[in-house]
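Q: With the hints as extra help, turn the sequences into a complete structure.
So the sequence lines, in the order shown, correspond to chains A and B.
Straight run, no breaks: the first sequence in our numbering ends on number 109.
Straight run, no breaks: the second sequence in our numbering ends on number 109.
It should be emphasised that the hints constitute simulated quantities derived from the structure, not laboratory data.
Hints should not be assumed to be uniformly reliable.
Simulated pairs of lysine-lysine, PhoX-like, Cα-Cα distance not exceeding 25 Å [what the hints assert, rightly or not]:
#1 Lys62(A) - Lys65(B)
#2 Lys21(A) - Lys65(B)
#3 Lys21(B) - Lys62(B)
For the chain A half of the interface with chain B, some residues (derived, Cβ under 10 Å), not all of them [as the list claims (entries may be wrong)]:
#4 Lys5
#5 Ile8
#6 Phe9
#7 Cys43
#8 Val47
#9 Pro55
#10 Ser58
#11 Leu61
Quantities reported herein were computed from a predicted structural model and do not represent experimental measurements.
All residues carry an ideal CB built from backbone N, CA and C; glycine is no exception.
Protein chains: 2
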Amino acid sequence: MGITKTEIFTDRQNSLAIMAKVLGHPARIAILDHLFNIKACVCGDLVNEIGLSQPTISQHLKELKQAGLIKGNIDGNKVCYCINEEAWQRMRNNIVSFLDQDPYKNDCC
Amino acid sequence: MGITKTEIFTDRQNSLAIMAKVLGHPARIAILDHLFNIKACVCGDLVNEIGLSQPTISQHLKELKQAGLIKGNIDGNKVCYCINEEAWQRMRNNIVSFLDQDPYKNDCC
DNA sequence: TTAGTTTATTGCAATATTACGATTAATATC
DNA sequence: GATATTAATCGTAATATTGCAATAAACTAA
Chain A
1 MGITKTEIFT
11 DRQNSLAIMA
21 KVLGHPARIA
31 ILDHLFNIKA
41 CVCGDLVNEI
51 GLSQPTISQH
61 LKELKQAGLI
71 KGNIDGNKVC
81 YCINEEAWQR
91 MRNNIVSFLD
101 QDPYKNDCC
Chain B
1 MGITKTEIFT
11 DRQNSLAIMA
21 KVLGHPARIA
31 ILDHLFNIKA
41 CVCGDLVNEI
51 GLSQPTISQH
61 LKELKQAGLI
71 KGNIDGNKVC
81 YCINEEAWQR
91 MRNNIVSFLD
101 QDPYKNDCC
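A: And the structure:
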């Protein structure tokens, strides 16, 4: 059905999945890479930097923004996007604590 | 168009996105949670543990398996799945090194 | 005011994902 | 053998995602 049954999972499971999903597209990884490299950016730069159309970039930026990972300031007719430090660290901590579980105790396979 | 233009991104960006995407569904997070908890499992257990049908669970297990995160041993008419330790650590390292980039240097927003 | 610049939104087509009933394949048990 | 159990696969429906052309909105500059 293409629809996720979120109600049967815990808040933590849903939250982890949402965060991972936002990172689950190379364009959004590339946008974040670029933000980390130049420390600030606008949408126009990204259209040249990445190879996607302006509407597509705008849409990916919107998803990153909705997830809280970036924040934008309107500056004349440009928009300045940055990483949201607090949200980034929060996400990092959640994902890392999931990934840092120790899988080295299986004895069946 | 619903299709990702992977060819315009780096291998690292595509690889990170693929790993994140696999974690981008709460059912797969729940399956991994369960594997971490009980250290071994079979598909039947998961159908009761999680609230999805057997074919749906099987499909999610297939994706985890394709990503290399779990491995399964056939044991009679059951299948025993475990975390693939090497692949898990590899994924962990890649994602953590991405998340550990320091966003605290922006001065525009 | 008019024209240019920049980003967001709308609308749509193509493809992907999620979910499950029905079925299959393989083994286990009687 | 016949029947039960387990997990994978097939087929299909519903929904989501990706991408872009066209357009709108908001500002800048002449």
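Q: Hint by hint, say whether it matches the structure.
A: The hints, checked one at a time:
no., hint, in the structure
1, Lys62(A) - Lys65(B), "32 Å, violated"
2, Lys21(A) - Lys65(B), "18 Å, holds"
3, Lys21(B) - Lys62(B), "14 Å, holds"
4, Lys5, "7 Å, holds"
5, Ile8, "4 Å, holds"
6, Phe9, "4 Å, holds"
7, Cys43, "14 Å, violated"
8, Val47, "12 Å, violated"
9, Pro55, "13 Å, violated"
10, Ser58, "16 Å, violated"
11, Leu61, "14 Å, violated"
In summary, the structure is inconsistent with hints 1, 7, 8, 9, 10 and 11 from the numbered list given earlier, while agreeing with the others.
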